[in-house]
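Build the full structure now, drawing on both the sequences and the hints.
Residue strings, one per chain:
Number of protein chains: 2
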Amino acid sequence: MAGNGPSYSLYYWPGLPGRGEFVRLVLEQAGVDYDDVARRPEARGGGVPAMLSRLREGPGLRPLAPPIIEHGTRTLAQMPNICAWLAARHGLVADDEDVRAEALQLQLTIADLVTEAHDTHHPLGKGAYYEQQQEAAIANAQQFVDARMPKFLRYFEAVVQANDAGGGHHLVGDRLSYVDLSMNHVLHGLTYAFGRALSVYEPQLPGLMALRDHVDALPRLVAYRASSRCIAFNEDGIFRAYPPLNLLPSSQ
Amino acid sequence: MAGNGPSYSLYYWPGLPGRGEFVRLVLEQAGVDYDDVARRPEARGGGVPAMLSRLREGPGLRPLAPPIIEHGTRTLAQMPNICAWLAARHGLVADDEDVRAEALQLQLTIADLVTEAHDTHHPLGKGAYYEQQQEAAIANAQQFVDARMPKFLRYFEAVVQANDAGGGHHLVGDRLSYVDLSMNHVLHGLTYAFGRALSVYEPQLPGLMALRDHVDALPRLVAYRASSRCIAFNEDGIFRAYPPLNLLPSSQ
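Chains as they are written, first to last, in the working numbering: chain S, 436 to 687; chain F, 436 to 687.
I should point out that these hints are in silico values taken from the structure, not numbers from a laboratory. Honestly, I wouldn't trust all of these hints.
[What the hints assert, rightly or not] Here are the simulated lysine to aspartate or glutamate pairs, EDC-like style, with alpha carbons at most 20 Å apart:
1) F:586 x F:551
2) S:561 x F:547
3) F:561 x S:551
4) S:586 x F:492
5) F:586 x F:547
6) F:561 x S:547
7) F:586 x S:492
8) F:561 x S:570
9) S:586 x S:570
10) S:586 x S:637
11) S:561 x F:551
12) S:561 x F:581
13) F:561 x F:547
14) F:561 x F:671
15) F:561 x F:551
16) S:561 x F:570
17) F:561 x S:581
18) S:586 x S:547
19) S:561 x S:670
20) F:586 x F:637
21) S:561 x S:671
In C-alpha cells, the structure reads:
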C-alpha cells in the first residue's frame, strides 16, 4: 500500500453492486476511506483487469473470487468473512465472542438467501446467459417467491422481534451491526427483483421494515447512496429486474 | 443439558451425512462426546420430530435450518460457523485471529462448493424431487463437472501447494485444522457423486490427494468411520450417486 493512500483496497466487479455492496456498506458506515480499485479507469490501474490480476497474484491467502479486501499485506475474501472482520475492527459488531458467532450465523443465512436469489436467474449454471435458461429460471423463481423467500424473511422477522435488546430494528445485540446493513441491502434487492411477491409478504414483516427504514436513515448511508460511489441495481448483478421472474406467489 | 450427559447436542437429519457431517468430523477429531439427538429413536426423544421441534423452540438464537449445535444455553447454526466455533474451542484452528479469518475464508469456499454440488440434483429448487427436474439436473451437472468443480479444486490445490508451513497436506497453518477435515469429506463426496470427472482431474491435484490421505489415516477418524455413528453417503444427501449426473467433462 502507498503510505498516504486509503488503508483498504476493495476489489470487485466495477459495474454492479453484487456481493461487493455488502462490504461497501460496512466501509461506508465505518467512515473509513477505501480504494474501490476496479472502479478506477484502466488507465489508472483499475477496471476489470486490475481485479482479475488480483485474483491471480498478490500478498496473502489467495482468493477464489471477489469481493477481496486488502489491508497492508493482509488479503481476505468471502463476503461474510470480510464483513465480520471489518465490523470487528470498526465497532460494527460487539466485542463479545458469543455475539460475534451469532452475528456470523445470521450473516451466513443472509448469504444463503443472496445465493438463492441469484440462482433464480441462473439455475442451470453461471456459464450460460439468463436468456439461454429462461424456462428453468421461471420455474426456479416461482419456488423462490412461493417458498424460499418467505421462509427466509419470516425467519429474520422472528429474529428481529425476539431480540429484545435491539429496539425493534436490530437483528443482533443492542446496536447497529454489519448484519443490519446487509439485511437492509437484501430487502432493497428483493424489492428490485421480486417486488410483486415482497409487497404480498410485507405486512407480515413489520420488524424488518423498521430495520430497513432505520438503516436507510443513517446519515453516512444517505450520503453514500446519493454519491457516485454507489452503483444502482442493474441486470448484471445478483438482484435483477427481469419481468418474467418478478412473480406473484402461486397462492395469490 | 443433563448434568452428566455429553456437553454438546447436535441436531441434524438422521438419515444422511449432509452438512451435519462437517460438524461430526470436528467433534470426532476433537475427541469430545456428543449427543446426535435425531439419531436416537423417537421413543427416546430423537428422530426427525426432535430436530424439527428444536427449529421451532429452544434456548439461544433461533436457527433457520440444521445443523444446529447446542452447548448449555448456547445455540449455533450454519455449518461453517459451528465448525469454526468448535475448532476454536478444541485446538482445531490456530489461536491467531488472522489465521482464523483465513481458515473461515477457505471454509466458506468449501461451503460454496458443497452448495453447488447439491444444486446439481435440485437446480429448480428444493421443493420438487430430483426425478421431477432431471433434465435441468443433467444440464447443471454438466457445467459443474466442466467448469465449477475443476475451478474449485484447482483453487484448493493452489492453496495447499502455497502453504509452505503445511507440510503438503494442510490448507492453512502448520497443523491439522477443521478446514482439512471438511476438504477431506468433500473429496470423498465428489468421488461418490462425480467420480468419473474427478478421476480425470485427480492427476492435477497431488496436494489435495495427499491431504485426503493424511486425514483418512487419523486414528480418531478411522475409528469413527468404522463405527455406526458414521452415516454412509446415500441418495438423500448432498452428494448423490445418480448415474445420469456422474458425467465426464465435455472435453473428454
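Hints and how they fare:
With a CA separation close to 12 Å, the supplied pair residue 586 of chain F and residue 551 of chain F stays within the 20 Å bound. Distance check on the hinted pair: residue 561 of chain S and residue 547 of chain F sit about 13 Å apart at the alpha-carbon level, within 20 Å; holds. Between residue 561 of chain F and residue 551 of chain S the alpha-carbon distance is near 11 Å, which keeps this suggested pair within the 20 Å criterion. A threshold of 20 Å between alpha carbons decides the hint, and for residue 586 of chain S with residue 492 of chain F the separation of about 16 Å falls inside it, so the pair holds.
Proximity of residue 586 of chain F to residue 547 of chain F is assessed by CA-CA distance (about 12 Å); at most 20 Å being required, the pair is judged to hold. The straight-line distance between the Cα atoms of residue 561 of chain F and residue 547 of chain S is roughly 13 Å, inside the 20 Å bound, and the hint therefore holds. Restraint check for residue 586 of chain F and residue 492 of chain S: satisfied, since their Cα atoms lie roughly 16 Å apart, inside the 20 Å limit. With a CA separation close to 17 Å, the supplied pair residue 561 of chain F and residue 570 of chain S stays within the 20 Å bound.
Distance restraint check for residue 586 of chain S and residue 570 of chain S: the Cα-Cα separation of roughly 24 Å exceeds the 20 Å cut-off, and the hinted pair is therefore not satisfied. Taken as a hint, the residue 586 of chain S and residue 637 of chain S pair is honoured in the structure, with Cα atoms around 13 Å apart against an allowance of 20 Å. A distance of roughly 11 Å separates the Cα atoms of residue 561 of chain S and residue 551 of chain F; the hinted pair therefore holds under the 20 Å criterion. Between the alpha carbons of residue 561 of chain S and residue 581 of chain F the distance comes to roughly 12 Å, so the proposed pair stays at or under 20 Å and holds.
Between the alpha carbons of residue 561 of chain F and residue 547 of chain F the distance comes to roughly 17 Å, so the proposed pair stays at or under 20 Å and holds. As the CA atoms of residue 561 of chain F and residue 671 of chain F are separated by approximately 12 Å, the hinted pair is consistent with the 20 Å bound. The hinted pair formed by residue 561 of chain F and residue 551 of chain F meets the criterion: a straight-line CA distance of about 13 Å does not exceed 20 Å. Proposed proximity of residue 561 of chain S and residue 570 of chain F is supported: the alpha carbons are some 17 Å apart, at most 20 Å.
Our distance criterion of 20 Å between C-alpha atoms is met by residue 561 of chain F and residue 581 of chain S, whose separation comes to about 12 Å. Distance restraint check for residue 586 of chain S and residue 547 of chain S: the Cα-Cα separation of roughly 12 Å lies within the 20 Å cut-off, and the hinted pair is therefore satisfied. Pair hint residue 561 of chain S plus residue 670 of chain S holds up; C-alpha atoms about 14 Å apart against a cutoff of 20 Å. Restraint check for residue 586 of chain F and residue 637 of chain F: satisfied, since their Cα atoms lie roughly 13 Å apart, inside the 20 Å limit.
Note on residue 561 of chain S and residue 671 of chain S: the hinted pairing holds, with a Cα-Cα distance of about 12 Å set against a maximum of 20 Å.
Going down the numbered hints, you'll see the structure goes against just number 9.
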